[in-house]
Amino acid sequence: MTDTMAPDKPAPHQMDRLLFGDNQFFGINHMSEEKARAGAMRFQRTQAIVDVLDIALAEGVRTFMCTTHDRIREIADVVRADPAKYGDFVFYPGMPYAHKYANAVTEDGYLGTLKRFLPSEGLFDAALRGGMSIAGKDVEGLITLLVDAEMKMFDGVNAPVIFLQNVVVDLLLGLGFKDAFRIFADHCRQRYAAEPGFITMNLPLLLRALEAQGVANPVICANMNKIGFRMSGGWEAYARAMDTYPCRAIAMSIFASGAIPPAEAIAWVADQPQIESIVFGASSRGNIRNTVELVRAADAQRALAA
Amino acid sequence: MVRVGVVGMGKMGLSHLSVINAHPGVEVAGICDSAKYVLDVLGKYTGLATFTDYDRMLADAPLDAVLIATPSAMHGSMVRAALDRGLHVFCEKPFCLDADEGAELAALATAKGLVCQVGYHNRFIGAFREVKRLVDAGAIGRVTRVMAEAYGSVVTKPKGSSWRTQRAQGGGCLYDYAAHPINLVTWLFGAPATVAGAALVPVFSAETDDQVCGTLRWDGGLTAQVSVDWTDTSVRKMTTRLTLWGTAGRLYADRQEIQLFVRDDAPLPDGYTAGWNTRYTTELSAPVDFYLRGEEYSAQIDGWIAAIGGGVLENDFASAVETDRTLAMFIANDGAVEANYRAPAVAAKSGIIGKLMGRRR
Chain A
1 MTDTMAPDKP APHQMDRLLF GDNQFFGINH MSEEKARAGA MRFQRTQAIV
51 DVLDIALAEG VRTFMCTTHD RIREIADVVR ADPAKYGDFV FYPGMPYAHK
101 YANAVTEDGY LGTLKRFLPS EGLFDAALRG GMSIAGKDVE GLITLLVDAE
151 MKMFDGVNAP VIFLQNVVVD LLLGLGFKDA FRIFADHCRQ RYAAEPGFIT
201 MNLPLLLRAL EAQGVANPVI CANMNKIGFR MSGGWEAYAR AMDTYPCRAI
251 AMSIFASGAI PPAEAIAWVA DQPQIESIVF GASSRGNIRN TVELVRAADA
301 QRALAA
Chain B
1 MVRVGVVGMG KMGLSHLSVI NAHPGVEVAG ICDSAKYVLD VLGKYTGLAT
51 FTDYDRMLAD APLDAVLIAT PSAMHGSMVR AALDRGLHVF CEKPFCLDAD
101 EGAELAALAT AKGLVCQVGY HNRFIGAFRE VKRLVDAGAI GRVTRVMAEA
151 YGSVVTKPKG SSWRTQRAQG GGCLYDYAAH PINLVTWLFG APATVAGAAL
201 VPVFSAETDD QVCGTLRWDG GLTAQVSVDW TDTSVRKMTT RLTLWGTAGR
251 LYADRQEIQL FVRDDAPLPD GYTAGWNTRY TTELSAPVDF YLRGEEYSAQ
301 IDGWIAAIGG GVLENDFASA VETDRTLAMF IANDGAVEAN YRAPAVAAKS
351 GIIGKLMGRR R
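Protein sequence lines correspond, in order, to chains A and B. The first sequence begins at 1 in the numbering used here and counts up one residue at a time. The second sequence begins at 1 in the numbering used here and counts up one residue at a time.
Keep in mind that the hints were calculated from the coordinates and are not lab data. The structure displayed is predicted, hence computed values, not measured ones. Even glycine gets a Cβ: it sits at the ideal position worked out from N, Cα and C. There's no promise every hint is true.
Quick look at which bits of chain A chain B covers, simulated, 3 or more residues with Cβ under 8 Å [claimed, not checked]:
| # | stretch |
| --- | --- |
| 1 | 38-51 |
| 2 | 80-91 |
| 3 | 176-187 |
| 4 | 199-213 |
| 5 | 262-275 |
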């Protein structure tokens, strides 16, 4: 097994119990197209998003797990501009924002897209890495180039975990595209001193693939909920895989898009020792506070029982 | 173990390859594309056997079946070559641009006992399956009217030329987008007797359509209106919707949910109450073993592989031909001059407007 840690091995990043997601800001709702549209309308001004992030921060939720949507750039600008207020604020970027690339590729073609997303160190390095990659049919240069392009907007803010989005993770996983996960993990650790994270809908299959690639103790984010919604293989397969292959698990979609009442959903999550963190989305102070309180209470109860 | 060859490494081909390669009952025995570069990268990192020539793959790879995801105009000849070798076929939609050719291939597949499916994945979405179940059970009585819609943000400015920008190659909103809601309607009610009022409207495209509307009519009075637009930038990702009005209620569905209204004097389907009912994707979707982009993509491949093993086949060639024929009816009816046509009045260049606008010398 390859050791993919950077040579100086910094202390591993400690993830918070509760992380804040961004689906609600960008017109994504897995239950209802109407609700999704209502969300897109409400959050079309960036300040509306910042206001909700401020509420989360006040409730002690300071990690923002977000896509690399163009508008996140504006959020990063706000955070960067006010270190006194956002000194503890943490981004977990998830890339790529697939729609952005799909649109760019249809509009500008592959080369135009690469140009559009060039990293800040300039044309030469990018052209060299990209060009060498293309000539050698070697994806390492292209993957690292795209990661750097996506990370541009997070210059100067705290981003200790970097995620690869599930559309890409699961596409590569199904293809059996060896090496991509290791290349991504090595680049996150070496260039950004960040933990590599992987979002997936196929956790058992992914953990086996990461183990085979020598990506040790990865951060994994996947649907984990009481009704088994979008968990390929179900909870038993998930728990077994996490017990077999050590990882740091973030549960998403714990409410299964609203199908499970909050208290019941959270009580179930609190009972699963494999789950280290929970990512949730909310748009109101009431819902944020309610989730924070339910998780604290459920964790306290579990600690008492233990 | 079913040995499958996959041809066409575009967006849908890669997605299908990922799903089918993860299927425990499938061995991918070859992948094929004319673009050597993409193929070489895939071969290098996946270890799959690669072919730049389709006939070579059919001849050299040990295959039981092929999955075809090439530009639509190539489907007919590729399907025929596979059937001639006795291979089962999964073909991307639309099936054949020439519906007569499609019908011939459907008959050939049946005669040879081959399991052949077309990739209309909406029929594998839980919400639309529930619509089919409810309509077949008469939950909203006799259906009298349907609205079939699809919207997306695909063509939002003029684009360079590719097969997707030319109708003759199978490009355009009718073949790519409208085919989905129309396929759902023909699933529920069969092929229509006529298509009227068809308008295939280019907005940004030079050689094909970007908006589609028209009215389907069946003997017996049922009508369905089709409203499809892929220039709608307000939509984040493709949305397909069905609304059905019947003598006993109304039923709405998109990929996420169904909303059923049942009259209080009508017989109720199991698990539903009079008045409004809502069911969400969380309870309507059956889990899949491997998930990529939506349950339906895996479910349709699982269904095909299971059908090869003797299971029930959905979306067979014959049903896809009904959709192809309906699409052809749209093209035939597009721009038809109606009996009630009124020619625009010839602009009069006299009077006050004419004096102001046209005669200032």
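8 Å C-beta test of the stretch 262-275 of chain A against chain B, three or more residues: violated (count 0)
For the stretch 38-51 of chain A, does the count of residues with a C-beta closer than 8 Å to a C-beta of chain B reach 3? violated (count 1)
Is the coverage entry for the stretch 80-91 of chain A by chain B consistent with the three-residue Cβ rule at 8 Å? violated (count 0)
Taking 8 Å as the Cβ threshold, is the statement that the stretch 176-187 of chain A is covered by chain B upheld or broken by the three-residue rule? Holds, because 5 residues of the stretch 176-187 of chain A bring their Cβ atoms closer than 8 Å to Cβ atoms of chain B.
Quick check: the stretch 199-213 of chain A, covered by chain B? Criterion 3+ residues, Cβ under 8 Å. With 3 residues in contact (Cβ-Cβ under 8 Å with chain B), the coverage given for the stretch 199-213 of chain A holds.
Violated hints, listed in ascending order, are 1, 2, 5; each of the other numbered hints is respected by the structure.
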